[in-house]
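Asker: With the hints as constraints, model all of the structure from the sequences given.
Here is how the chains run, residue by residue.
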Amino acid sequence: MISWMNWTPSVAIFFAVIAGILAVMTVYEIVSPCTERKGFLPIETTRGDRLFIGLLSAAYIHLAFLAVSDVTLWVALAVSVVWALVLLRWG
Amino acid sequence: MDKIPNNRAWWLVLPVFLLVAFSALIPLMTVVNYSVQDIFGPGQAYFVGTEWFKEVLTDERLQDSLLRQFLFSSAVLLIQIPLGIGVALMMPKSGIKGSLCLILVAIPLLIPWNVVGTIWQIFARGDIGLFGWGINQLGVDYNYTGSTVDAWLTVLLMDVWHWTPLVALLCYSGLRAIPEAFYQAAEIDRASKWAVFRYIQLPRLKSVLIIAVLLRFMDSFMIYTEPFVLTGGGPGSSTTFLSQTLTTMAIGQFDLGRAAAFSLIYFLIVLLISWLFFTAITHADKEQ
Amino acid sequence: MKQARSKNVGITVFIILLLTPVYWLLNMSFKTNQEILGGLTMWPENFTLQNYVVIFTDPSWYNGYLNSMAYVTINVIITLLVALPAAYAFSRYKFLGDKHLFFWLLSNRMAPPAVFLLPFFQLYSSIGLFDTHIAVALAHCLFNVPLAVWILEGFMKGVPREYDEMAYIDGYSFPKFFVKVFLPMIRSGIGVTAFFAFMFSWVELLLARTLTSVDAQPIGAIMTRTIGASGIDWGVLAAAGVLTIIPGLLVIWFVRNHVAKGFALGRV
Chain A
0 MISWMNWTPS VAIFFAVIAG ILAVMTVYEI VSPCTERKGF LPIETTRGDR
50 LFIGLLSAAY IHLAFLAVSD VTLWVALAVS VVWALVLLRW G
Chain B
0 MDKIPNNRAW WLVLPVFLLV AFSALIPLMT VVNYSVQDIF GPGQAYFVGT
50 EWFKEVLTDE RLQDSLLRQF LFSSAVLLIQ IPLGIGVALM MPKSGIKGSL
100 CLILVAIPLL IPWNVVGTIW QIFARGDIGL FGWGINQLGV DYNYTGSTVD
150 AWLTVLLMDV WHWTPLVALL CYSGLRAIPE AFYQAAEIDR ASKWAVFRYI
200 QLPRLKSVLI IAVLLRFMDS FMIYTEPFVL TGGGPGSSTT FLSQTLTTMA
250 IGQFDLGRAA AFSLIYFLIV LLISWLFFTA ITHADKEQ
Chain C
0 MKQARSKNVG ITVFIILLLT PVYWLLNMSF KTNQEILGGL TMWPENFTLQ
50 NYVVIFTDPS WYNGYLNSMA YVTINVIITL LVALPAAYAF SRYKFLGDKH
100 LFFWLLSNRM APPAVFLLPF FQLYSSIGLF DTHIAVALAH CLFNVPLAVW
150 ILEGFMKGVP REYDEMAYID GYSFPKFFVK VFLPMIRSGI GVTAFFAFMF
200 SWVELLLART LTSVDAQPIG AIMTRTIGAS GIDWGVLAAA GVLTIIPGLL
250 VIWFVRNHVA KGFALGRV
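Chains as they are written, first to last, in numbering that gives the first Met the number 0: chain A, 0 to 90; chain B, 0 to 287; chain C, 0 to 267.
Read the hints as simulated data drawn from the structure, not as lab findings.
Please note that the accuracy of each hint is not assured.
One-sided and incomplete, this derived list gives chain B residues near chain A with beta-carbon spacing under 7 Å [as the list claims (entries may be wrong)]:
hint: 1; residue: Leu27
hint: 2; residue: Thr29
hint: 3; residue: Val31
hint: 4; residue: Asn32
hint: 5; residue: Gln43
hint: 6; residue: Ala44
hint: 7; residue: Phe52
hint: 8; residue: Lys53
hint: 9; residue: Leu267
Residues from chain A that face chain B, not an exhaustive set, calculated with beta carbons under 8 Å [unchecked claim]:
hint: 10; residue: Trp6
hint: 11; residue: Leu40
hint: 12; residue: Ile42
Only pairs whose alpha carbons sit at most 30 Å apart, straight line, appear in this in silico BS3-like list of lysine-lysine [said to hold, decoys possible]:
hint: 13; chain 1: B; residue 1: Lys205; chain 2: C; residue 2: Lys6
hint: 14; chain 1: C; residue 1: Lys98; chain 2: B; residue 2: Lys285
hint: 15; chain 1: C; residue 1: Lys175; chain 2: C; residue 2: Lys98
hint: 16; chain 1: A; residue 1: Lys37; chain 2: C; residue 2: Lys175
Backbone N, C-alpha and C fix where the C-beta goes; we use that ideal spot for every residue, glycine too.
Answerer: The following block contains the structure:
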């Protein structure tokens with residue numbers, strides 16, 4: 000029944016990592032609930048908002064790398080992770 | 000109104016969550032799987048990494064249809080929003096005339112999308128359609144199946160006909176919510192009509208206008224059925240918008256990997272834009 | 000006074016322009032094919048009901064209507080059942096991830112159905128629901144449920160929480176309060192939501208066509224198929240089109256006073 004979904008290891012890892020991040024954020028939120036605050040982004044955001052912005056921009060960073068260059072996507076991944084961390088801390 | 004913090008509310012949301020997860024997450028995961036593989040048949044697939052994405056991003060046909068889509072959506076917004084506001088300002092505020100107007104204006108919204116296409120397919124034909132025949136009688140050479148410009152204008156006109164009522168209804172409900180006292184105060188101040196519109200009506204319309212822009216943008220961005228029935232995407236591919244390109248690829252050519260990569264990019268664009276709008280709406284709500 | 004008149008003229012002209020294409024469809028549905036193709040006539044000269052007779056006597060035509068009605072009804076019921084409690088939760092409580100959950104729901108209303116076409120086809124085939132009414136109804140929930148939650152939440156926000164608290168003091172349990180006290184108060188909101196769920200399920204064709212083949216085929220798919228057969232039978236096509244507009248007209252009459260508010264998602 001699942002066979003039509005054509006799972007591959009790399010996609011499975013991808014979704015597992017996303018699920019993991021969500022789980023960690025949920026636990027973190029229960030342990031220490033966060034409030035909205037204003038960082039360098041033009042709007043007030045919560046931790047979850049910044050995570051979402053981070054993930055969405057990571058997707059766009061990967062696409063941009065694919066579209067304009069031939070370098071390996073590990074570079075794009077590294078850039079995305081750094082950017083997401085910056086967002087989470089100071090955004 | 001302050002909301003009470005209560006995590007047990009999750010139980011109330013659970014059915015919705017499960018239902019939408021079933022119809023959104025499973026397909027999404029499948030699409031991601033398809034997008035990194037080349038699939039020949041059941042069980043016959045091999046991993047190709049991000050090749051499909053690369054191909055889609057550099058495919059000129061897709062870039063064209065994306066560009067066309069943005070052009071179309073902007074044209075739709077530029078025409079429908081002002082026209083809708085204008086119609087709403089003209090609609091009678093109450094009484095049986097108001098109700099009647101409301102229902103008549105709403106009619107195009109209730110017609111199945113393929114029938115909308117059929118109506119215009121007939122209406123705009125030069126031989127049996129009133130519109131096409133009338134234009135030809137005026138001495139203009141008009142043929143929406145032959146000329147790119149005519150096809151574009153017809154699709155645009157059809158969309159204006161179909162969806163301007165939505166904008167009008169939204170603005171109408173926004174206008175009706177303005178207390179009569181505001182208008183009386185304006186009359187005492189001898190405010191001009193423009194001033195009334197600019198400083199009383201328009202600010203009050205802000206929240207409904209954001210919703211109107213959001214819905215119109217999203218729905219025009221996924222338009223499929225109406226142009227498909229009306230022009231079939233032609234002549235050439237001049238009225239082939241994103242959804243149709245995607246549908247042809249997935250169902251017509253069964254090009255799964257490419258269609259999946261394309262779907263994901265399409266989805267990311269929509270996600271970004273709807274997030275921007277959603278943030279704008281929640282901010283407008285907060286200000287009130 | 001003069002201003003009011005120019006407004007009336009303006010709105011009348013707009014409505015006439017809006018209704019002309021619909022009139023043309025109605026006009027054609029009463030003509031014979033010879034008259035349609037023979038030349039342009041503003042009203043039917045040989046008035047005929049033959050086109051409608053064709054639809055009402057041929058099962059492959061009227062079953063299309065019955066199929067569409069069936070999945071639309073199932074969809075409206077499912078949508079209301081799951082969306083009511085969820086909208087209540089969103090309007091009253093703050094809970095873990097509420098904003099993000101809400102946005103995620105909403106993003107499904109925004110997602111183009113074309114994206115989900117193929118996986119849907121395979122998903123419903125693999126669980127044996129392909130070509131059933133329930134499959135189309137479930138697929139339409141993807142965009143109707145988020146919309147319903149959004150509209151209902153807007154209406155529910157307008158009910159002061161004092162009512163909830165009063166009911167608890169009077170010893171009502173939550174389900175009893177919800178059904179006996181709360182739902183009647185947002186009656187009009189429920190009506191409007193049902194109308195929108197009906198409408199968006201009724202007008203959608205892409206998913207409905209992809210998920211069905213014979214037994215649950217919607218009227219829209221039958222219309223497109225007939226075009227391909229032996230030339231186009233314009234008269235019958237027009238009659239079928241006219242018949243698809245009628246259910247919507249009937250339903251909108253009942254919720255006419257709230258339609259606009261519903262479109263604004265209760266936020267006026």
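Asker: Which numbered hints turn out to be false for this structure?
Answerer: 1, 5, 11, 16
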